[in-house]
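Enquirer: Listed below are the residues making up each chain.
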Amino acid sequence: MHDRLRAGLLIAPALAVFLAFFLIPLGYLAVAGGAGGYSAILTEPRFLRSLISTLLVAAATTVITLFIATIMGLFLARVRFRGRSTLLALLTLPLAFPGVVVGYLVIMLAGRQGLVAEVSLALGGDRIVFAYSLAGLLLGYVYFSIPRTLLTLMAAAEKLDPRLEEAARSLGASPFGVLRDVLLPGMAPAMAAAGAICFATATGAFGTAFALASRIDVLPMVIYTEFTLQANLAVAAALSFLLGIATWAVLALARGASGGAAA
Amino acid sequence: MRRGIGFWTGLCFTLLISAFLILPIFASVIAGVTANQFVGISSGFTTRWILDVWTNYGGTVLLSLQIAFATLAITLLLGVPAAYVLARHAGVTARLIEEALVMPIAVPGLATALGLILAYGAVGGLRSSWYFILVGHVVFCLPFMMRAVLAVLLAIDLHRLEEAARACGATWAQRFFGVVLPNIRGGILAGSLMVVTLSLGEFNMTLLLHTPFTRTLPVGLADAYTALRTEMASAYTLIFFALIVPLLSAMQWVVGRMDQQGGRR
Amino acid sequence: MSIAISLRACGKTWAGGARGLLPIDMDITAGETLVLLGPSGCGKTTLLRLIAGLEMPDAGGQVLFDGKDVTRLPIERRNVGMVFQSYALFPNMDVTGNIGYGLRVRGTPKNEVQKRVAEMLEMMQLTEFRHRSIDALSGGQRQRVALARAIAPRPQVLLLDEPLSALDARLRDQLRQEIDTLLRVLGITAIYVTHDQSEAMALGDRICVMEAGRIAQIGSGRDLYHHPASTFVADFIGDANRYVTQTGEVILRPEELSLRPNPNGAFMITRVTFLGPVLRIMVRHRDGQELRADVPDDVTLQPGMRVEVTVGGAALMNTDPPDLD
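Residue numbers (numbering that gives the first Met the number 0), protein chains in the order written: chain A, 0 to 262; chain B, 0 to 264; chain C, 0 to 324.
Excised from the complex, chain A in its bound form (with noise of 0.2 angstroms):
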């Protein structure tokens, strides 16, 4: 008894900051949107627009991040050379970068100094500016995205059993085979969660479409312009509410599914 009351001593900290600051919040949340709030998000086309746009974009970053970090996961975990460690830890850098940062890099690459149209104006073409547009935005979450992704597909593809290879070598299988029939399926618990962050943490990311001043609506930029600038406060409200839902519902699916295939 003394053992559980000491317990519950401990642990009511975090729990009350939990309450308090979070679940309190998120009830707030998703009573302010009212039914007028919820009822715009359906009708409004542009709410829904900003939704599917929302939704495409992360999809596309997820598969474009997954494609990338597999092959690089793959290929990292497997190779030894002299400065695999440096390469390593310049690549973890942007982890810890903010989406602003982030958008702002895009603009040092694709933006109208950037370095994409320094060197296509030198080889004699024009300058490819493409920072604000789909693509640049895409390039920005593909990048923040990448280290996340590189790290835990790495450690998966570090744990797959080098006998399986072999076995399926052994079996007359092509490269190709192995990839698809050995590499891959054991892969495929961390692809997906690894794949189902890369997805929430699109849908819900900021900063760099704010950087971008990006003219493609996803919806925390939608939230934000609702909030600030028209003071809408019943949609804004509404809609990250049910943002905040969405995410969250992707990673715990995400988690269960690849908690189950791990066991």
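Errors might be hidden in some of the hints.
When the alpha-carbon atoms are kept at most 20 angstroms apart in a straight line, the in silico EDC-like pairs for lysine to aspartate or glutamate are as follows [stated by the list, open to error]: (1) Lys158/A / Asp258/B; (2) Lys109/C / Asp93/C; (3) Lys158/A / Asp134/C; (4) Lys67/C / Glu54/C; (5) Lys67/C / Glu31/C; (6) Lys109/C / Glu121/C.
What follows is a set of in silico ranges between Cβ atoms, one per label pair, in the way DEER data are often shown [as the list claims (entries may be wrong)]: (7) Arg256/B / Ser132/C: 37 to 43 angstroms; (8) Glu162/B / Asp222/C: 57 to 63 angstroms; (9) Arg165/B / Leu21/C: 53 to 59 angstroms; (10) Gly82/A / Ala241/B: 22 to 28 angstroms; (11) Ile127/A / Ala135/C: 54 to 60 angstroms; (12) Asn110/C / Ala187/A: 25 to 31 angstroms.
Just so you know, these hints were derived from the structure itself, not from any lab.
In this text, a Cβ means the ideal position worked out from N, Cα and C, and glycines have one as well.
Could you slot chains B and C onto chain A? The hints should help.
Expert: Just chains B and C now, with coordinates in the frame of chain A:
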């Protein structure tokens, strides 16, 4: 190992993506110290932009550091005991509480911030003080501290250690401070570096929670990106990198060392 | 169907410079079962992986299948079947999927794959488990699936890397017999790696004992047991006493020794252990040398008793050197 065509294509792909991730960082750093962005590197290097930024935006850096360390102190006090309780209890209740406590990671900061404004925006002077941002950062960072500590608590044989200490006659306080805490130093350190890093870079929430008098570093950066010339924006970004990169390197080092020790056990 | 394998100057040096295998020449006749036997780290698995095509020998080394140089051919094109330590079954496929894999990747028509898999299931008594997932199989069943998977595509050579090491003793015995029968029926050239001498004795037409990256001796089990080329081989195959006589060191098997009570004998019993089928007796000579002897159960033999020791009828140093007596 034979280095066939697979190796070389893998290497080229990896280097290409690495260039995509790393080059913009270098470009930005160089732009921050280049005398004239339009002329290029040949115009020479200068610290002028950095000093300019510091005069105008130095306050945001200091406020960010203040908030980060306050967040660290609070998450340590709340998160370590909570992780300890969750590690000791295997029941459904404990798992449900754990699940609840990590929820703020899964919900976009924008939504949490909007909720906070709706619930407490009108309470006294809270809205205009830096405590409002602090509250948001604590909510967001607490799960990270808890998870880092919990991971280490689950990796060591906590029960056995505590029983051994008990058998030696140690009271709970003696066990907790003399046996438990020293054995989870690595997790606490990793969690701390994580929290400071996250708090310094937090933007999604802070943009809504801040006021013109409580601007943090990332909020200032966003402002600089839209309002200032490239040199200044880059110099400002450089200051951010200078803060965040050592923290991140330290974190990687700590985690790497913990992995090694875990492997040796 | 089965082929001969030859190794010419096959050595293996690891990236760090460590020698895994000193250059080895070896000929394996078609249809033979060769067992590679040795302690861990002796190079037996490396040798198997060289033959498999999972490792390349150092420059100058050659692997020949029926006289054809296959050194540069990767494993997927050597048409070998391989059974791995701890099986390496594909967890994303069921029993049928695993067994049929080698046929499917070779592009065998679907109905032929089905037919062959059904044959294999029948042969390995796995038919009732054909749709089980790998997780739901016992150790013995997994082993059978691994074997079936390796032989389903009718390989030229079967390579087995400690296939029984993950099983408990009773099951190991049973499966060893099954593998023995299987190898006889298939008549396939087989190379079997193990560190267990009784497995080696039971399965090998010939046994290759390896030590520190080189071949210590190759021969039939009987050869190795009765005429070990070195004390290492003698120690590794069966139980051996090393004993120094006036003429030099001899290797004595415990069961070759017999004891007879004799108050003037040069040996004294120091310990008696009842092992069931035999009585293991430790005796010590006056000069301090010890011997282990396995003799039929006899309650009269007791510690402290003086005995004489004979080997196949001949007395062993029972007449002490005069100056010692």
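Enquirer: All hints are to be evaluated individually against the structure, with a verdict given for each.
Expert: Hints, verified against the model:
1. Lys158/A / Asp258/B: Distance ~14 angstroms between Lys158/A and Asp258/B Cα, so the pair holds.
2. Lys109/C / Asp93/C: holds (17 angstroms)
3. Lys158/A / Asp134/C: holds (18 angstroms)
4. Lys67/C / Glu54/C: holds (18 angstroms)
5. Lys67/C / Glu31/C: Cα-Cα ~18 angstroms, so holds.
6. Lys109/C / Glu121/C: Within the cut-off at roughly 18 angstroms; holds.
7. Arg256/B / Ser132/C: 37 to 43 angstroms: Between Arg256/B and Ser132/C, where Cβ atoms are some 39 angstroms apart, the hint holds.
8. Glu162/B / Asp222/C: 57 to 63 angstroms: Given range 57 to 63 angstroms: holds, Cβ gap about 58 angstroms.
9. Arg165/B / Leu21/C: 53 to 59 angstroms: Holds: the Cβ-Cβ distance is about 57 angstroms, inside 53 to 59 angstroms.
10. Gly82/A / Ala241/B: 22 to 28 angstroms: holds (23 angstroms)
11. Ile127/A / Ala135/C: 54 to 60 angstroms: With a Cβ separation near 56 angstroms, Ile127/A and Ala135/C satisfy 54 to 60 angstroms, so the hint holds.
12. Asn110/C / Ala187/A: 25 to 31 angstroms: Hint holds: Cβ distance 30 angstroms, inside 25 to 31 angstroms.
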